[in-house]
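I would like the entire structure built from these sequences, with the hints used as guidance.
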Amino acid sequence: MKILENLKYAKNHEWIKVEGNEALIGISDFAQHELGDIVFVDVPSVGETLDKNEAFGSIEAVKTVSDVYMPVGGEVLAFNEALEGEPALINSDPYGEGWIVRIKMTDPAELNDLMDATAYKAEIGL
Amino acid sequence: MKYTVYAKKHEEIGAKMVEFAGFYMPIQYEGLVIEHEHVRKAVGVFDVSHMGEIYVRGPKALELVQWVSSNDASVLTDGKIQYACFPNTTGGIVDDFLVYRINKEEYLLVVNASNIEKDWNWLVEQNKKIGAELYNASDEISQLAVQGPLALKAMQKLTDEPIENMEYYTFKYLTFAGVPNVLFSTTGYTGAGGCEIYFKNEDALKIWDAVFEAGKEFDIKPIGLGARDTLRLEMGFCLYGHEINDSISPLEGGLGWITKFVDHKDFVNKANLLQQKQEGVKRKVVGFEMIDRGIPRQDYEVLDENNNVIGHVCSGTQGPSVKKPIGTALIKTEYAKVGTEIYIKIREKALKAITVKMPFYKG
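Chains as they are written, first to last, in this note's numbering: chain B, 13 to 138; chain L, 8 to 370.
These aren't lab readings, by the way, just hints derived from the structure by calculation. One should not assume that every hint holds.
Below 20 Å or equal to it, Euclidean Cα-Cα: the simulated EDC-like pairs (lysine to aspartate or glutamate) are [what the hints assert, rightly or not]:
{"no.": "1", "chain 1": "L", "residue 1": "K272", "chain 2": "L", "residue 2": "E112"}
{"no.": "2", "chain 1": "L", "residue 1": "K359", "chain 2": "B", "residue 2": "E96"}
{"no.": "3", "chain 1": "B", "residue 1": "K14", "chain 2": "L", "residue 2": "E37"}
Written out as structure tokens, the structure is:
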């Protein structure tokens, strides 16, 4: 189980990687493992501005479906098109090629409410 | 929560464990899709010790089986198996099950884990005016399902009796892995061929080890309940609590083929079900494939082209072998014809699907 040090984590198991005012969002290695084989990623929110904790999409695994939420508020700029053809990238590379959306943060101060890697590891019992 | 003899074993080999039907069971080991595909092309082992086993014995055994079963058990001979359901008195189904004829005064009913207590109470109640002997052996018996095209070849190594040419839906008692009186049955829930093996709990660990040792050269793997569900759904096999339940009739649920309205057999709710058959059902379970992108799930609404609700999804998944989203739905009969466009409401959107003939997997 890999939990990367340079990311922030939300209670719903999303990670966020900050790049200036923008950020990438995906789900943690723990979350992809819990979901199992991911077969479809549905992100209808591109172009919308969402609040923190609002759902921006859904991840369909074979067995189950799980919504994914904004760790911080912002505008959804882009969906990772590679997931259209190969949703299992989230399983194989959750922090790299398996990123889900790029956002423009509304208020970067909201990042302070998220967990760092140490706190997230404790949260999931590692 | 209940535990099968194998609970520790599953944990040791890295299974993800969940509660299922009141039992602590492995949902997956390596991964659902890998496990699913492995059963289709090679051989896999499922711990299905949670299933229930109820014996019906004595001179009245057949009379009770005939009264509670939708199917005609009088056509069975020793060593033959039949799929059936227990119709209830209100138009639904108590459970679906297998009937094994051991001899003319002894039948074994294999029932769903989730329904063992309900089935037992049902049988005891229905038996009051008949007087067969009933025995619930569910807690004493373990079961492995060894499934896949290489299953019988692999298992042949564990017994001197010929098993590779056994007819589908038959069974034998044999000495298996050195254990006498093992019930070896050419049944399964995957459509991939293979067997289901029943034995006493005290022999369970020995048999597990022997099965995996014999299967080594065939790359045998443990398979979780997750793949069991996708395998059965690709075959269009029904699952209690999904396609059938206490309020869906055998005729609506697609079990007309095991509901026998023959003169020499009366059974629970026969008259009402016969009337339903003659009048035609108003709703029925159909298979469908998604046209738009989305995965159907149980209880999602099914809509017509004008957004009217015409039913609900019974089961849905991405089919790992058919490689598309598939499902079953209980819908109004006028939409049930193969090739009808229907809509599945997924996250507030009506996504197009089409009814198809089952099985989904024709491999």
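Results for each hint:
| no. | hint | in the structure |
| --- | --- | --- |
| 1 | K272/L with E112/L | holds, 18 Å |
| 2 | K359/L with E96/B | holds, 19 Å |
| 3 | K14/B with E37/L | holds, 17 Å |
Of the numbered hints stated above, none is contradicted by the structure.
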